Amino acid sequence: MPMPALDIEKIKKEIIDSQLWRSVFRGGLWKDTPRDRAGHIIGNVWLHLHPVKVRPRALKWAYSWGMGGISFALYLLLTITGVVLMFYYRPTIGLAYRDIKDLEFAVTLGMFLRNAHRWAAQAMVVAVIAHMVRVFLTGAYKKPREFNWGIGVLLLTLTLFLSFTGYLLPWDQLAIWAVTVGTNMAGATPVLGNEGPLGSLVGMRINNDVRFTLLGGTMVGENTLLRFYVMHCVAVPLVVGILLILHFWRIRKDSFSAAPYEANEEKIDVWPHLVKREYIGAAGTTIFIMIWSILQNAPLEAIANPNVTTNPSKAPWYFVGLQELLVYFDPWIAGVVMPGLIIVGLIAIPYIDTNPKGVGYYAWKERPFANTLFMLGVVMWFALIYIGYALRGPNYAWYWPWESWFMNKPAPPPTWSVFGPKGVGAYSMLIGIPLMGAIASAWMLLPKLIQKELDGKKTMGAFLGLLALWAGVGMAMGKMGAIQGGYLLFFVGASFYFGFVLPQRHIRTLDWPRYLVTMVLVVSTMSVLLKMCANLAFNIKYVLTIPAISMNI
Amino acid sequence: MSETNPNPAPEPSPEPAKPVVPAAAPVAAAPKPLAPKKDMSRGDFLWAGWGMLAAFLAATAAAGARFMFPNVIYEPSQKFNAGAAATYDLGVSTKWLNEQRVWIVRTPSGFYAMWARCTHLGCTPNWWGDQNRFKCPCHGSNYTLDGDVIAGPAPMPLWRAKVMLAATGDLIVDKAVLENKPGKREQAPYFADYAPS
Chain E
1 MPMPALDIEK IKKEIIDSQL WRSVFRGGLW KDTPRDRAGH IIGNVWLHLH PVKVRPRALK
61 WAYSWGMGGI SFALYLLLTI TGVVLMFYYR PTIGLAYRDI KDLEFAVTLG MFLRNAHRWA
121 AQAMVVAVIA HMVRVFLTGA YKKPREFNWG IGVLLLTLTL FLSFTGYLLP WDQLAIWAVT
181 VGTNMAGATP VLGNEGPLGS LVGMRINNDV RFTLLGGTMV GENTLLRFYV MHCVAVPLVV
241 GILLILHFWR IRKDSFSAAP YEANEEKIDV WPHLVKREYI GAAGTTIFIM IWSILQNAPL
301 EAIANPNVTT NPSKAPWYFV GLQELLVYFD PWIAGVVMPG LIIVGLIAIP YIDTNPKGVG
361 YYAWKERPFA NTLFMLGVVM WFALIYIGYA LRGPNYAWYW PWESWFMNKP APPPTWSVFG
421 PKGVGAYSML IGIPLMGAIA SAWMLLPKLI QKELDGKKTM GAFLGLLALW AGVGMAMGKM
481 GAIQGGYLLF FVGASFYFGF VLPQRHIRTL DWPRYLVTMV LVVSTMSVLL KMCANLAFNI
541 KYVLTIPAIS MNI
Chain W
1001 MSETNPNPAP EPSPEPAKPV VPAAAPVAAA PKPLAPKKDM SRGDFLWAGW GMLAAFLAAT
1061 AAAGARFMFP NVIYEPSQKF NAGAAATYDL GVSTKWLNEQ RVWIVRTPSG FYAMWARCTH
1121 LGCTPNWWGD QNRFKCPCHG SNYTLDGDVI AGPAPMPLWR AKVMLAATGD LIVDKAVLEN
1181 KPGKREQAPY FADYAPS
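Just so you know, the sequences run in chain order E and W. Once you know that position 249 of the first sequence is 249 in this note's numbering, the rest is easy, because the numbers rise by one and skip nothing. To convert, take the position in the second sequence, counting from 1, and add 1000; that gives this note's numbering.
Looking at chain W on its own, in the form it has when it is part of the complex (with noise of 0.2 Å):
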């Protein structure tokens, strides 16, 4: 550059160029074959190289971070076989929690299978059969038997899973389907119709 450049600072070496600039385009606009070239100043080139490194970081730090959402992930299947209907009890049935995370429910007039899964943060509550209550040992949050929030920081009431009666007379529990408005969760595909003569 400063062989070029005669002048000792580089701040004003743009300056003689400027003029140039407005000059060059009526030039331009004739018609002669050959149009001189518009000049980038050397200011303009560096904010334009500077802009580049910006984007460059931008395009690398979104790229870093779609790096960390795996395309492919691994985890066991929501879906599972409860069991024949038959031999489950009025009631709040444990059976499938240690395994599935999943309380069976029977009313006089079907199932439905509710999330153990907190929905204030995650745990897993605990039945108490003598209160009717459902208990959750993280932060205390209480639900009732429906599954309603009662008393501790849970936001909202418990999840409740698809549920079918399948031909064979086993349920059928798909937590990946999952529903837990009142009005909506009493029926299909939340509740499986059950009612033995």
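Just chain E, with the same shape it has in the complex (with noise of 0.2 Å):
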């Protein structure tokens, strides 16, 4: 007897009009019409912070480059596989860093599971940056979008503070030595910490100090790791989902897209047209997550140990650039003024950039300054980064790549301070900081005061031909070879040209506000070229130091 053919389409119909269907999903048969596709997103929970329509400029791969939809896709990762790891993890000193033993060796697919978050964690940096990067270069930041960008900035910060508490849960020796050095700089906080500026004139000691409620105790220990949990497990992601929400929401009210709006655009449905790729995104992402974690295991150093330290010791990749950084500034700098600093320049950002061009598109030619600055100072993370990483060995001694780290470096040689109690000129109250004081601030004022625009070329060229008369004059009395003249020129000339050159022709014409505000930002930012090429070319410790208050620069 032959089979009576399946009639797929009744057997649909059936299903689809049966009283469960029914209940579950509102609306009738899928007939694909725009009211059936506007009724998708209007109808669904999941959905419906969605516009119904969106114009197809705001689409492209090649504008919105997807990052911050596959940043969202890798928390939502995040979170499921952070959840099931929870279930075999127990935050105490003893059982810990056994219980992550146990992941990688004694649970069903505990290996993979831990892999794929530690690399979602790692890649949700990435995309968060990249995300950044876009919209700034896009110009989407801009009116009405500053409160976002403010919520976005806040949210990048929360993602590597959830890095942060999350690589201490292992309990291994990168975890416990870079949780110490990061609450350390805690302690370095100036008023706030018993080891910054300030701290102990005000009453800070160990025990009673910003570092001290962190850690919930005087070192890292049994609390800090039960603290770390809760904040990573609970209240950051809770934060976190709440900015989320704020972050969507103001994206979907202020026209969900910055792309400009063109002559005869006609806006497309958002079902399917968006929803499909944020699907091919969110699928991508799973897929290239959990192929990177069957190919690569997680790090997992030895258990932790308090009183020793490995050598050389190194932050995860996102932080080394902060770890070089603390290289050349003292900790309450590099590590509290600097990224507070980075924070809220970059909040500051669309309320100083006063320049309507440029929203929605790329547009290097008509924001040159912006660009340019932002991007230098994305390319000077990255390279600090690039620094910390690859080129520095054992006891943090500055290695080429081409040098083995069996190689037993000479030690490094003394370092002195130009303006000090010790320096060359010891008056560091009576000459150091009036002169420093008044270079900083002839730099700020002088790019705007000069009300004529310079002749970049011309101008370059002649303060480059001053530093190699300067280094000439080094070389040949003897105090200067070839790669310390190098370097000035390199340092100190870019700092010339992105800190002089370009404000001067670039945002002179500002008012007042705004143009001291940028300077600040501009010229702290090139503080740190300039500290590079003193630290390592000529060994300066500090231009300017009084021990007593712990003024150091």
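Rather than coming from a laboratory, the hints here were simulated on the basis of the structure. Treat the numbers as computed from the prediction; the structure is a model and nothing was measured. Hints should not be assumed to be uniformly reliable.
[What the hints assert, rightly or not] Restraint-style ranges between C-beta atoms, simulated for each label pair:
| no. | chain 1 | residue 1 | chain 2 | residue 2 | range |
| --- | --- | --- | --- | --- | --- |
| 1 | W | Ala1063 | E | Pro339 | 26 to 36 Å |
| 2 | W | Ala1065 | E | Thr92 | 17 to 27 Å |
| 3 | E | Glu403 | W | Thr1087 | 36 to 46 Å |
[To be verified] Not the full set, but computed from the structure, chain E residues with beta-carbon under 8 Å of chain W:
| no. | residue |
| --- | --- |
| 4 | Thr180 |
| 5 | Asn223 |
| 6 | Thr310 |
| 7 | Thr415 |
We treat Cβ as the ideally placed atom computed from N, Cα and C, and that holds for glycine.
Quick one: dock chain against chain with the hints and give me the complex.
Dropping the structure here:
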């Protein structure tokens, strides 16, 4: 007897018309009309934060890079893998490391899930930074999206903080020393930390300052592990979730994309065009993380030893730039003021950038100053990461890529300070502060005070000529080698170009408050280049030091 | 509110009440047995309410912050017995580094105990006898045998812990009592004289 042919359409209709289906999914049979498509977005709780229609320009991968969506997909992936890992992990000193070992060797899929959690976290850091770069380059933070950019900056900060709290949990050597260094930076906070400037003056001690609350003790211990566990698994993800809702809500309210309107542009349906892309992005991300997690295992060092540090000891790659910065500046500057300035500066960008051009498209020529300075900051951050990651060996000494880490480096030469008690110019108060103040204020004010635009090539040429003269005289007197001369030309020349020539050309017409805020950020960025030059080429520890108040620059 | 106040707009309602207040003041001064109560205007009442809410929230925040400071912490004792002084040779001993994070340094005239915590950001440096230096693996700080910073970012010398020679001939080290100022750190209790004949 032949089998009766299956009438798929009839079965489909019966299923969809059943009471069960109808009770779960609103709406009738799918006919793919514009009304159906709109209804699909409006009537679905998960999709209704989308608009119904969207401009086709906003959907192009080449425009959006899909990085915001991919960041969110990674956040969801991290939530799922994280919750699953919590079933086998106990946050106590005696058990944490053993539980991670169990996850690696005794729990089915434990290794895979831990890998996925680790790699998704690192991918999320990359994706969030890429998202920020894209939004910057397309000018999408400008009016009316200033506030949402600020929320985005906070989300980036919290992404990094989630990574920071997460890597204590395995309780291995990387964990304990990264957190020891990180929390000691908090202890160097001015006023609020016991080792920070003015801290001891207001009565901060090792057992009552901001570091003490972070650790729940005076050293990284049982309380710290529990605190970081709670922050990592509950408190911070909750805050991130709330900010994400705000972030998405504002995207929707601020007309979804900054891509400018074009004449005769016809909007297309979000279902399926945008939802499809989001699905592809999320699915691609998941597959990418799965393959990565199969191919490579997450690192796990030896069990934490609070008394002995591995040599060299390095932070996870996204914090190595900060670690490298700490070589050149005191902890309260490199670890507190500079990260704070980066966060505040990023949030301030939409309010100081008054250039109305370049909203919603890549416009290097229309926004040369903003794009150059922002990208310089991003490049410097990754250059510092490269130096810290690839060029630092045992004892955190400088090793070129072709030098073996087994080669024992000679002891670094003694450092010296320019203005300070043991410095060359001993009178830091009398000469150092007025001189540095004069240089800093001249640098801040001159680009605007010189009303006429200087010829960039001539100015730069003259400045490089002076530097070359300086280097030449130094070499002739035997006080400088060729490498030091090269460092001088590169670092000081670069800071003059980015910190003086460009502002003079592009922002001297800005109003004073915005101009000054911009110059504070520009000069701080350049001070990193200058201090690197002073330290790497000339062994200068401080340009100015007043030990009594821990004022060391 | 709207039942007692026929005014449709809520804003003007406190206005008529205002003249009552100064008018009531002299009445209150008069020796009348029943002074009329000084009415609080609706606006003032609301401000007082907001003020109390703000005070409540501030107090809650302060209490929450205080909650995060533990009153009792369970951390190991900072005092330990470093064994017989006679067993140490001249120079830096790393014997107690792994357990107590301390280098015992013997000089011709006695002992000092250096706390192996980099004053930069708290990593443990390593002793390199061939170069006579302590070098930190985290940011490259270098210290001399005395603990003074010679290179790298560390802001001040290494700390020395209180060290005493017990009657038994053992060295007792207390890491809770620290000193790193030249001149002070070379004297008791941060230096234990020991010169056996």
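Here is what the structure says about each hint:
Taking the beta carbon of each, W:Ala1063 and E:Pro339 are about 29 Å apart, inside 26 to 36 Å as hinted. Taking 17 to 27 Å as the suggested C-beta distance range, the pair W:Ala1065 and E:Thr92 conforms, at roughly 26 Å. About 40 Å separates the C-beta atoms of E:Glu403 and W:Thr1087, a value consistent with the hinted range of 36 to 46 Å. For E:Thr180, the shortest C-beta to C-beta distance to chain W is roughly 5 Å, which falls under 8 Å, so the interface hint holds.
With its C-beta approaching chain W no nearer than about 6 Å, E:Asn223 sits inside the 8 Å limit, and its interface hint holds. For E:Thr310, the interface hint holds, the least distance from its beta-carbon to any beta-carbon of chain W being 7 Å, beneath 8 Å. At its closest, the beta carbon of E:Thr415 sits 5 Å from a beta carbon of chain W; the interface hint therefore holds under the 8 Å criterion.
Every hint from the earlier list agrees with this structure, and none is contradicted.
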